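All chains, full assembly: derive it from the sequences and hints.
Residue numbers (the numbering used here), protein chains in the order written: chain A, 52 to 275; chain B, 52 to 275; chain C, 52 to 275; chain D, 52 to 275.
The set of hints was computed from the structure by calculation and includes no laboratory data.
Be a bit skeptical, because a hint or two may be false.
Since the list gives no way to pick out one identical chain from another, each pair is judged satisfied if it fits inside one copy or across any two copies.
[Said to hold, decoys possible] Listed below are the simulated BS3-like cross-link pairs for lysine-lysine, each with C-alpha atoms no more than 25 Å apart in a straight line:
#1 K114 with K204
#2 K172 with K249
#3 K257 with K204
#4 K55 with K172
#5 K186 with K172
#6 K195 with K114
#7 K198 with K187
#8 K114 with K139
#9 K78 with K172
#10 K140 with K186
These numbers were taken from a predicted model, which means no experiment stands behind them.
Protein chains: 4
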Amino acid sequence: MQDKIDYGIAGYRGRLGSEVNNLFSEKGHRLVFSSDVDGENETSKPQVLIDCSLPEAFENNIKLVQRFNCSFIVAVTGLSENRLNDLKKLSERIPVVQSFNFSIGIQILLNLTERASDLLKDWDIEITETHHRMKKDMPSGTAKMIKNVFRDKDVNISSLRLGGVPGDHSVEFGGMGETLKITHHAISRRTFAEGILKSAEFILNKENGFYSFTDVVFGKENHA
Amino acid sequence: MQDKIDYGIAGYRGRLGSEVNNLFSEKGHRLVFSSDVDGENETSKPQVLIDCSLPEAFENNIKLVQRFNCSFIVAVTGLSENRLNDLKKLSERIPVVQSFNFSIGIQILLNLTERASDLLKDWDIEITETHHRMKKDMPSGTAKMIKNVFRDKDVNISSLRLGGVPGDHSVEFGGMGETLKITHHAISRRTFAEGILKSAEFILNKENGFYSFTDVVFGKENHA
Amino acid sequence: MQDKIDYGIAGYRGRLGSEVNNLFSEKGHRLVFSSDVDGENETSKPQVLIDCSLPEAFENNIKLVQRFNCSFIVAVTGLSENRLNDLKKLSERIPVVQSFNFSIGIQILLNLTERASDLLKDWDIEITETHHRMKKDMPSGTAKMIKNVFRDKDVNISSLRLGGVPGDHSVEFGGMGETLKITHHAISRRTFAEGILKSAEFILNKENGFYSFTDVVFGKENHA
Amino acid sequence: MQDKIDYGIAGYRGRLGSEVNNLFSEKGHRLVFSSDVDGENETSKPQVLIDCSLPEAFENNIKLVQRFNCSFIVAVTGLSENRLNDLKKLSERIPVVQSFNFSIGIQILLNLTERASDLLKDWDIEITETHHRMKKDMPSGTAKMIKNVFRDKDVNISSLRLGGVPGDHSVEFGGMGETLKITHHAISRRTFAEGILKSAEFILNKENGFYSFTDVVFGKENHA
Numbered sequence: 052m053q054d055k056i057d058y059g060i061a062g063y064r065g066r067l068g069s070e071v072n073n074l075f076s077e078k079g080h081r082l083v084f085s086s087d088v089d090g091e092n093e094t095s096k097p098q099v100l101i102d103c104s105l106p107e108a109f110e111n112n113i114k115l116v117q118r119f120n121c122s123f124i125v126a127v128t129g130l131s132e133n134r135l136n137d138l139k140k141l142s143e144r145i146p147v148v149q150s151f152n153f154s155i156g157i158q159i160l161l162n163l164t165e166r167a168s169d170l171l172k173d174w175d176i177e178i179t180e181t182h183h184r185m186k187k188d189m190p191s192g193t194a195k196m197i198k199n200v201f202r203d204k205d206v207n208i209s210s211l212r213l214g215g216v217p218g219d220h221s222v223e224f225g226g227m228g229e230t231l232k233i234t235h236h237a238i239s240r241r242t243f244a245e246g247i248l249k250s251a252e253f254i255l256n257k258e259n260g261f262y263s264f265t266d267v268v269f270g271k272e273n274h275a
Numbered sequence: 052m053q054d055k056i057d058y059g060i061a062g063y064r065g066r067l068g069s070e071v072n073n074l075f076s077e078k079g080h081r082l083v084f085s086s087d088v089d090g091e092n093e094t095s096k097p098q099v100l101i102d103c104s105l106p107e108a109f110e111n112n113i114k115l116v117q118r119f120n121c122s123f124i125v126a127v128t129g130l131s132e133n134r135l136n137d138l139k140k141l142s143e144r145i146p147v148v149q150s151f152n153f154s155i156g157i158q159i160l161l162n163l164t165e166r167a168s169d170l171l172k173d174w175d176i177e178i179t180e181t182h183h184r185m186k187k188d189m190p191s192g193t194a195k196m197i198k199n200v201f202r203d204k205d206v207n208i209s210s211l212r213l214g215g216v217p218g219d220h221s222v223e224f225g226g227m228g229e230t231l232k233i234t235h236h237a238i239s240r241r242t243f244a245e246g247i248l249k250s251a252e253f254i255l256n257k258e259n260g261f262y263s264f265t266d267v268v269f270g271k272e273n274h275a
Numbered sequence: 052m053q054d055k056i057d058y059g060i061a062g063y064r065g066r067l068g069s070e071v072n073n074l075f076s077e078k079g080h081r082l083v084f085s086s087d088v089d090g091e092n093e094t095s096k097p098q099v100l101i102d103c104s105l106p107e108a109f110e111n112n113i114k115l116v117q118r119f120n121c122s123f124i125v126a127v128t129g130l131s132e133n134r135l136n137d138l139k140k141l142s143e144r145i146p147v148v149q150s151f152n153f154s155i156g157i158q159i160l161l162n163l164t165e166r167a168s169d170l171l172k173d174w175d176i177e178i179t180e181t182h183h184r185m186k187k188d189m190p191s192g193t194a195k196m197i198k199n200v201f202r203d204k205d206v207n208i209s210s211l212r213l214g215g216v217p218g219d220h221s222v223e224f225g226g227m228g229e230t231l232k233i234t235h236h237a238i239s240r241r242t243f244a245e246g247i248l249k250s251a252e253f254i255l256n257k258e259n260g261f262y263s264f265t266d267v268v269f270g271k272e273n274h275a
Numbered sequence: 052m053q054d055k056i057d058y059g060i061a062g063y064r065g066r067l068g069s070e071v072n073n074l075f076s077e078k079g080h081r082l083v084f085s086s087d088v089d090g091e092n093e094t095s096k097p098q099v100l101i102d103c104s105l106p107e108a109f110e111n112n113i114k115l116v117q118r119f120n121c122s123f124i125v126a127v128t129g130l131s132e133n134r135l136n137d138l139k140k141l142s143e144r145i146p147v148v149q150s151f152n153f154s155i156g157i158q159i160l161l162n163l164t165e166r167a168s169d170l171l172k173d174w175d176i177e178i179t180e181t182h183h184r185m186k187k188d189m190p191s192g193t194a195k196m197i198k199n200v201f202r203d204k205d206v207n208i209s210s211l212r213l214g215g216v217p218g219d220h221s222v223e224f225g226g227m228g229e230t231l232k233i234t235h236h237a238i239s240r241r242t243f244a245e246g247i248l249k250s251a252e253f254i255l256n257k258e259n260g261f262y263s264f265t266d267v268v269f270g271k272e273n274h275a
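As structure tokens, this is what we get:
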């Protein structure tokens, strides 16, 4: 049913980029553009550009996607507020999916955290995230997404950097006589590649606008 | 505001019974009846009888509460289906609160588990419970409550018995690339005593009927 | 066999002080001195003074123990280097046991951590500690003891403050393909009171000197 | 320094077999034999045969290794006592490394567990293992190795089957007032492939005999 997709990857040689390429090519989709620090390789124009690179390459990738005039999936972690605003402006002209975490489990964790936070108003809260030693931003974008569930509350985030851990996140609520903890554990980066594939299938049929991965999973609408 | 309550405890000398008595007497309520394997001690008729004893004493406690014609809170763990049915019949004539776990956190865990089970239909599920070495029933009544959220699904429960652990429960969902876990940890039995106090305050104003601790926490109604 | 001990407690009304008093009096020992912010209560001279108070009271407690000329057990958390040095000087004249954590499990954790650190030299290390919201010092003294196992290595400590948690500590080693974690969980403050009782029995037969709780558990000697 | 190795893999298409082949070929070693349910493929005689298949193929693989007269690394999980005995007999004529788990971290866990079990004689013990839903044997061979540390003691093992989890193991000690837990988490099967590579390098220089992965890691000797 799903036709084959012509896709491009920025940050092609990175850990996430190569995982995405493996999954997409397994599914029969066609890599028609790739870029990395050592240059670009273009066969034809992609229908969707997937940005798995670092924030430093962001301005260049914005230019690329405008030249291609294609859908844009942004999986860069550690993007600044300014760059997020530029992305929202861009989304008036092309469909954009942006998230700091493309796992379905994290979407459920955010959803459960919101419900628990309504029910446990006077309990303490602690967020913890653990990632591999090569991760550059701290705390993780996902941990910040969890913190945002509590809005203006000042919630502590503990960041651990440990070997090759793909990514663990937990939020713990503590009362005087009991604690309640919700933990997400990514087994492999494959999980994120699968969320990005789901996003690519979602965005091809959408009008211009700014979509989150929550929209991809729960089917909500453009809110740029 | 809350008037003082005349309360009775069956299983008065047990771990939970004495915790309940400590909390209720701290709050200024009056112990007017107590019973245990070594006999009964009655000053006057209680407004509420709290059953913290073992299933073996259940028939006797049913007689007691009928004689007192007072509200009944049942915190006995390991009650059989038959005895639960007897309790429901009794609730036509007196107000009853029954639960295998009187902690608020467990109520939230059950609520979150229900939501997660809707969203993660094809993931594997594992329930784990850990309790002190003196706990006699296995798996815990609380673990069975969690399993019931999944209705007819055959969910595995692992039971661990370890030193003086007051009571831990977790439910874990596993996909191929990620896992999501909800864990409840009881810091002390005080937590259960506080839930029983909340139930006593709730039941004094209620008409005859069978109430769960979910009803006490979320304010639902008699469903015997 | 163990004769009854005449003991004194500084910080008598605190969480740890009252737990210590409960356990010692259960065992038939005699409280002959107690002090707290609101004053002192002296029946006779204690054989051992147990300091469960805050660092601010330290100078006063040093004077007390010199007046009593008795053994000294110091369970104050958050003592500065300077005060520890004063304590070592004092130990030339009286027997002293000092520790930031009087649980046997923590002693085993320290022991296992030392062995693991020898075997896993190039793995990353992360220490985490979680305590109740009233705990004032951060990171915990115990977390610092764990960090000291790694000597001059710069190891990160994450501190969580959560409801009524008595005290959890973990040390996690991370390689590229696997992680190894050692976790200690205090079920109740009773554990620390039991370690202090063990220390009191130990110190009564010892000559002047500075002893750690490691010495109490593993039977090593004075190393002031 | 290490010369290139000519290796063979039985169970070549399985999850572990392909992981081993990826790592060995990355390192420049040469696959000269492979077998699976659909047949064999032989270029030349291997210096070492690595058995990543199922117990059902064991007798056939024994014949293979005798024909090749080469070293033998056995990573099959769920081997019966009888088959292990056959393997020990075979090791009189060829060098054999056998383990149910080729991760270094598990070796450390076993080592720490042994030490802790000496120090915590009267505490309760619980072993837990979690693996992906495709794992056929239960409990895991590794969990049995952990249980063997406690010799004749009857220790409970809880087995969880959950999504795509590569393999987690924990052993928990519980006293009345505290618990101590040692947890190993495999991030990916790559870890096991690395232990098998280490074993291949080890076994090529060894005389006939039966070696465990403990011997490979800690350098002990033949104990068939």
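Verification of the hints:
Proximity of K114 to K204 under the C-alpha cut-off of 25 Å is found in neither arrangement, the shortest distances being 37 Å within a copy and 45 Å between copies. With identical chains, the CA atoms of K172 and K249 are at most 25 Å apart between copies only, with a shortest distance of 17 Å across copies and 35 Å within one. Proximity of K257 and K204 under a CA criterion of 25 Å is satisfied in neither setting, with 35 Å inside one chain copy and 37 Å between copies. With identical chains, the CA atoms of K55 and K172 are never at most 25 Å apart, being 48 Å at best within one copy and 28 Å at best between copies.
Taking the shortest alpha-carbon separations for K186 and K172, only the inter-copy value of 21 Å comes in at or below 25 Å, while the best intra-copy value is 33 Å. In this homomeric assembly, K195 and K114 never come within 25 Å of each other (Cα to Cα): the closest approach is 28 Å inside a single copy and 50 Å across copies. In this assembly of identical chains, the alpha carbons of K198 and K187 lie at most 25 Å apart whether taken from the same copy (19 Å) or from different copies (24 Å). Proximity of K114 to K139 under the C-alpha cut-off of 25 Å is restricted to the intra-copy arrangement: shortest distance 14 Å within a copy versus 66 Å between copies.
For the homomeric pair K78 and K172, the shortest alpha-carbon distance between copies (24 Å) is at most 25 Å, but the shortest distance inside one copy (45 Å) is not. Taking the shortest alpha-carbon separations for K140 and K186, neither the intra-copy value of 28 Å nor the inter-copy value of 47 Å comes in at or below 25 Å.
Hints 1, 3, 4, 6, 10, counting from the list given before, are not met by this structure.
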